[in-house]
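Protein sequences, first through last, are from chains H, D, B and C. If you're matching positions, the first sequence starts at 2 in my numbering and goes up one per residue. If you're matching positions, the second sequence starts at 2 in my numbering and goes up one per residue. If you're matching positions, the third sequence starts at 2 in my numbering and goes up one per residue. If you're matching positions, the fourth sequence starts at 2 in my numbering and goes up one per residue.
Just so you know, these hints were derived from the structure itself, not from any lab. It is possible that some hints are incorrect.
Stated by the list, open to error - Per label pair, the in silico range of CB-to-CB distance: (1) D:Glu128 x C:Ser225: 29 to 37 angstroms; (2) C:Lys3 x H:Gln80: 53 to 61 angstroms; (3) B:Asp305 x D:Gly303: 35 to 43 angstroms; (4) H:Glu286 x D:Asp226: 42 to 50 angstroms; (5) H:Gly30 x C:Ala153: 41 to 49 angstroms; (6) C:Ser227 x D:Trp233: 23 to 31 angstroms.
It should be emphasised that the depicted structure is a prediction, and the values quoted were computed from it without experimental measurement. Even glycine gets a Cβ: it sits at the ideal position worked out from N, Cα and C.
Protein chains: 4
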Amino acid sequence: MKAQRVELFVCPMATPADTSGLQALADSGKIKPDTLVALVGKTEGTGAHDDWGRVWADVVLREWTGKFLGIPPSEVAKQVIFVLSGGCPGVITPHIAAVTREWVEVPDKEVDAGREKRLVVGRAGSEPMPPEEVGRMGQIRKVAGATHQAMADAGLTDPEDVHLVMVKVPGLTTASIKDAESRGKTVVSHDLTFGPEGAGVYANDAAALGVAMALGEVPESSLSDSVVRRNWDLYSEVAMTSSGGEKRHGEVIGHAITRDFIDAEGVRNALRSAGLRFKDGLPDEADLSRLIHVFAKSVIPGSDQIRGQRITLLDDADAYQIGKALGGMLVASVTGRTTNYVSGGERNSHQGPPGGNIVAAVVRADG
Amino acid sequence: MKAQRVELFVCPMATPADTSGLQALADSGKIKPDTLVALVGKTEGTGAHDDWGRVWADVVLREWTGKFLGIPPSEVAKQVIFVLSGGCPGVITPHIAAVTREWVEVPDKEVDAGREKRLVVGRAGSEPMPPEEVGRMGQIRKVAGATHQAMADAGLTDPEDVHLVMVKVPGLTTASIKDAESRGKTVVSHDLTFGPEGAGVYANDAAALGVAMALGEVPESSLSDSVVRRNWDLYSEVAMTSSGGEKRHGEVIGHAITRDFIDAEGVRNALRSAGLRFKDGLPDEADLSRLIHVFAKSVIPGSDQIRGQRITLLDDADAYQIGKALGGMLVASVTGRTTNYVSGGERNSHQGPPGGNIVAAVVRADG
Amino acid sequence: MKAQRVELFVCPMATPADTSGLQALADSGKIKPDTLVALVGKTEGTGAHDDWGRVWADVVLREWTGKFLGIPPSEVAKQVIFVLSGGCPGVITPHIAAVTREWVEVPDKEVDAGREKRLVVGRAGSEPMPPEEVGRMGQIRKVAGATHQAMADAGLTDPEDVHLVMVKVPGLTTASIKDAESRGKTVVSHDLTFGPEGAGVYANDAAALGVAMALGEVPESSLSDSVVRRNWDLYSEVAMTSSGGEKRHGEVIGHAITRDFIDAEGVRNALRSAGLRFKDGLPDEADLSRLIHVFAKSVIPGSDQIRGQRITLLDDADAYQIGKALGGMLVASVTGRTTNYVSGGERNSHQGPPGGNIVAAVVRADG
Amino acid sequence: MKAQRVELFVCPMATPADTSGLQALADSGKIKPDTLVALVGKTEGTGAHDDWGRVWADVVLREWTGKFLGIPPSEVAKQVIFVLSGGCPGVITPHIAAVTREWVEVPDKEVDAGREKRLVVGRAGSEPMPPEEVGRMGQIRKVAGATHQAMADAGLTDPEDVHLVMVKVPGLTTASIKDAESRGKTVVSHDLTFGPEGAGVYANDAAALGVAMALGEVPESSLSDSVVRRNWDLYSEVAMTSSGGEKRHGEVIGHAITRDFIDAEGVRNALRSAGLRFKDGLPDEADLSRLIHVFAKSVIPGSDQIRGQRITLLDDADAYQIGKALGGMLVASVTGRTTNYVSGGERNSHQGPPGGNIVAAVVRADG
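Could you build all of it, start to finish, from the sequences and the hints given here?
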């Protein structure tokens with residue numbers, strides 16, 4: 002019987018245009034044109050919607066991948082999923098992770114024997130989303146549909162086996178707002194930032210609710226336009242979403258949530274759930290080499306209180322940067338390394354419970 | 002025989018002008034006009050040199066203290082030490098801590114018996130420092146002198162018993178620079194910020210070297226104008242310094258240093274050294290109630306590498322805020338609370354070893 | 002017959018708590034407890050909703066005024082209007098302007114003779130506005146009502162005689178949002194900033210439409226919740242509004258609008274309409290001494306084009322500060338002085354035409 | 002006799018990688034491989050030392066130019082001068098200006114007849130500058146030498162004929178500081194920003210003094226390491242300098258200085274000196290079509306006073322961006338267009354007199 006063999010390689014980047022790590026992987030045969038399924042990374046720059054560091058990285062990585070695959074850059078998206086998250090404030094090392102997938106023959110009895118579950122990956126694109134659907138039920142339903150497709154692609158049927166859904170959905174732009182309004186439609190927001198009423202967070206959160214709907218975390222009957230960014234009791238524990246490009250999916254094993262913004266134990270739990278052992282708050286050194294990668298959100302809590310004490314983060318002029326940076330510190334202080342995928346900075350989200358955040362870890366199986 | 006009994010009370014502040022916590026302490030008799038020796042706190046605002054949140058808090062707290070002591074606000078500084086550190090980005094709760102000191106009679110044999118050491122406090126003012134001495138040997142020597150006085154005031158003779166020296170020294174202002182230059186003197190910097198060549202960090206670092214000299218951490222022979230902010234091998238492990246006002250001192254027991262910027266274990270070690278017990282990376286819940294307060298620096302490392310990986314913090318436009326916020330997260334994620342005194346954001350310092358930071362904890366003795 | 006004599010005195014402030022200029026006016030008898038009707042000023046600080054510079058100034062100015070009037074600070078608002086606009090980025094000098102009004106006897110024939118119109122001032126408070134009305138028709142109608150009252154108080158019946166309506170309305174806060182939602186109401190926004198979907202700009206713009214409705218600039222029939230911050234063809238040419246406190250009014254003579262963001266000629270036109278003469282683009286020096294004060298908005302255009310060329314201001318991370326600062330430069334470069342009242346930084350507004358801004362000047366009559 | 006014919010074409014850029022304007026110029030034959038001598042422009046992005054918008058533009062423009070010239074990108078610098086200035090806050094349109102130079106035969110008598118002077122361009126590279134020379138006499142002397150070469154290349158002998166010297170010099174980087182210190186040398190600053198003690202401004206100002214020395218604006222005998230950024234009486238009226246790459250020169254006709262930061266009349270004088278006529282403060286419309294381009298600095302004054310009134314610009318957290326933006330407004334409000342080359346934001350400079358700034362205009366000769 003055929004089974005997936007998925008691998009993930011993390012390459013630090015010295016500049017937004019640094020493809021040397023990928024090239025080394027290609028040269029060594031670790032990634033091949035027919036096994037590369039996704040590039041997921043953090044790029045340095047402002048993290049804002051006009052972050053030229055991210056845009057430049059995107060252009061250069063697509064060019065490199067096009068050459069590697071022997072196809073034009075414009076065709077790359079059909080074969081390889083790109084998730085680039087801009088902004089590395091604080092202790093987040095700019096990096097790109099290459100995800101590969103191969104189908105290998107395994108003895109049937111081994112599969113039957115209920116062996117320990119391993120990392121599998123699925124991906125899918127969604128139907129086009131017009132600007133008037135962004136941040137609303139239209140977007141929620143299309144993301145839910147694509148999540149089902151991605152599960153099928155991954156060979157998964159039980160939502161419990163889904164530990165991370167990374168989704169990239171279109172947000173709004175000056176041009177797409179103008180388009181919608183010229184057709185007599187309204188849009189969810191005129192704010193292009195990731196502020197609390199920004200189009201970016203509405204898109205992210207509709208996508209998260211789409212994943213939650215697909216996985217049964219939230220019943221479809223409780224969903225409507227008016228719950229998006231209003232009813233925080235509805236959320237996904239596995240959706241990590243960002244907006245800006247086309248919609249894409251990938252799933253990775255091993256996750257947990259933090260219960261509030263300073264919950265280092267939540268991070269340790271994610272690592273434990275993926276099989277890592279801890280000693281005195283730090284991962285066992287021998288074990289640490291088995292930790293491949295950590296994916297974490299760092300959404301700013303909507304409340305100005307943490308464990309009963311007031312904080313002023315909501316009022317910080319640069320709360321978006323600081324909120325993202327703090328998530329990077331929380332993860333780095335537990336894993337002892339800085340090459341973590343941490344996105345965030347928005348205020349409140351349907352990604353994770355109110356005040357808490359999602360953490361997912363990829364750990365190599367023992368022995 | 003007389004011995005000190007020192008207590009420390011932490012009051013969250015709802016605004017920069019909130020004195021209700023202090024008033025409650027006064028009403029309950031926990032602080033008295035003749036026992037109050039210091040007010041140490043974090044105020045909300047920008048944290049910059051023209052942070053009006055800090056200035057307003059300073060004005061209001063001096064007025065309150067003047068009334069409490071029955072003296073004019075301008076006389077308050079002679080009796081009570083003020084250390085207000087501006088800026089609470091991220092997860093640092095604005096608060097003021099009142100420090101009290103009483104002299105109580107203890108049986109001589111108890112003292113002789115080498116009982117566990119307890120918290121003692123000393124304070125001292127220094128000679129005036131003209132602007133041309135700021136950030137240079139003149140300031141280093143005067144801080145060293147005052148540190149000796151403060152030790153005497155605390156009844157300490159062994160530098161090993163000194164765990165925290167908080168120093169507030171004058172920095173430079175537009176007016177004081179003009180004054181120095183009109184007298185034909187030069188000043189160490191024309192940059193009034195806390196940037197890498199800013200007058201604020203030169204003053205902080207000269208003060209730190211002054212403490213290091215007084216405590217024998219750095220031999221006087223290795224000190225000169227040209228080592229300040231150049232030779233990072235010279236540092237104090239117990240000096241927490243800030244600039245802006247008059248020079249003052251206070252000492253508190255229990256400290257450690259972090260070995261790098263993401264070293265949560267270093268924070269745990271500080272708490273352990275003050276007598277706290279940990280279980281699985283978090284303080285034992287029963288023990289946590291004994292943790293009175295944590296004082297920590299969060300100086301940004303001068304290198305763009307942490308444990309071998311590049312970070313971009315040095316290039317962040319808002320590195321000063323982010324650097325301070327990250328220290329707040331590192332401490333809060335270990336202690337599980339946000340009312341910590343964390344100052345920092347400057348790049349490199351003689352406060353703590355290269356890349357690492359100072360953490361001091363006040364813990365109530367067992368039983 | 003009785004007529005108003007209105008005067009306006011501009012005092013630069015050395016700190017947010019500097020009342021020395023007002024005290025000098027009081028000492029010289031230029032302002033008296035029964036003539037002082039308004040304090041209007043720009044305070045230094047961040048200009049954000051938690052700008053402690055503005056808050057401190059407000060506290061100190063109310064205390065000073067209370068003493069001056071011989072009433073408690075909490076009663077001051079009933080007698081003197083406060084309009085404090087936070088943030089002086091760039092070339093805006095922090096200052097407070099005291100407005101006085103006296104009723105003087107003038108010969109009836111002089112009034113009949115249609116003499117040149119002079120500065121008059123009216124003021125009014127409005128009914129309370131619950132949070133669910135902020136940025137919506139409820140607020141629009143209440144501001145319109147108060148504008149009518151203020152006109153009556155000023156003795157004006159013709160809307161053409163109204164050149165400036167300064168309005169301060171309540172915005173939203175974390176607490177007031179919670180209050181509204183606990184009563185089953187919705188609010189216009191959860192964003193507390195002055196971003197494009199921020200509660201602050203919704204409040205400002207509802208107030209501007211309220212003025213426009215009262216003065217017949219916009220017919221009531223074209224107004225509804227859904228036009229606020231959507232239909233930019235509806236606007237007032239005389240409303241300068243800000244949010245944060247209670248609603249108040251004042252009117253001053255002489256105004257014009259700029260046709261776009263770089264239109265210095267529009268500024269000159271405002272000064273010309275108030276009677277100032279220009280020579281080669283600069284005010285005649287003899288004339289300049291007659292210029293008492295300038296009030297200007299500096300709203301960022303909603304378009305990314307000025308006169309056919311793209312600008313990136315909409316994408317600037319600090320567009321709010323820069324947008325305000327640019328208005329300060331536009332006015333200062335024309336008047337040759339920096340003590341101008343310039344508020345702004347928000348994106349798009351019903352204050353002034355699309356892309357343009359309001360400028361009003363107070364000029365002493367010739368001879 | 003041979004004479005230069007110099008032309009300058011301004012192309013707005015839609016993104017940092019937009020070469021469509023240059024391509025159109027190439028397609029129409031307006032620029033040719035053997036006439037293109039310089040590309041000078043403003044790129045969108047943060048304007049900081051790690052501004053990825055500028056870096057990306059630089060890479061793309063060199064690639065484009067390499068293809069246009071038929072040489073590798075690495076060879077482009079030998080033939081075409083690049084001056085890219087990052088950051089377009091406010092009303093500065095991102096653009097690239099192509100400068101071409103041809104040698105044409107003119108009748109000798111025409112030259113002799115002392116015809117109106119026309120635009121000429123010269124360029125030169127300098128000797129390598131090691132990091133220890135940055136911001137010091139070494140850099141000053143090498144820039145002076147290159148200025149002499151550029152004058153010779155332009156065919157100029159009288160310094161009075163030099164109206165603009167654009168210089169790009171190397172600044173300091175983490176790597177070059179390490180290099181210098183490993184060889185036992187010191188560097189002028191460890192601050193990599195454009196703050197008041199930043200390496201960037203020391204390099205800019207040493208370059209400005211180098212130009213001043215070459216043109217006789219400042220006698221060599223008054224120059225030394227210690228006057229750089231200390232003695233503001235020494236300055237050039239024609240040097241526009243920036244740091245980050247190699248040293249290069251270009252000269253353009255027609256300049257003036259502003260006497261202070263809000264001096265619109267100074268901008269008008271620059272345009273007048275280049276032959277433009279004004280009416281009521283604005284350029285005559287017919288004349289405006291003759292205005293090819295404006296180059297201006299916008300250095301923040303070192304004083305906190307403008308015409309006797311205090312401003313808080315020196316304390317603004319984002320003074321660097323605001324200072325640059327304000328210069329853009331000052332020029333745009335006079336020229337009525339936004340495609341101006343305006344660099345600045347640093348505090349104090351030897352480029353222009355204390356408080357004032359340099360403005361140079363290129364205007365097509367009449368008829």
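Evaluation of the provided hints:
{"no.": "1", "hint": "D:Glu128 x C:Ser225: 29 to 37 angstroms", "result": "holds, 34 angstroms"}
{"no.": "2", "hint": "C:Lys3 x H:Gln80: 53 to 61 angstroms", "result": "holds, 58 angstroms"}
{"no.": "3", "hint": "B:Asp305 x D:Gly303: 35 to 43 angstroms", "result": "holds, 40 angstroms"}
{"no.": "4", "hint": "H:Glu286 x D:Asp226: 42 to 50 angstroms", "result": "holds, 44 angstroms"}
{"no.": "5", "hint": "H:Gly30 x C:Ala153: 41 to 49 angstroms", "result": "violated, 58 angstroms"}
{"no.": "6", "hint": "C:Ser227 x D:Trp233: 23 to 31 angstroms", "result": "holds, 26 angstroms"}
In this structure, the one hint that does not hold is number 5.
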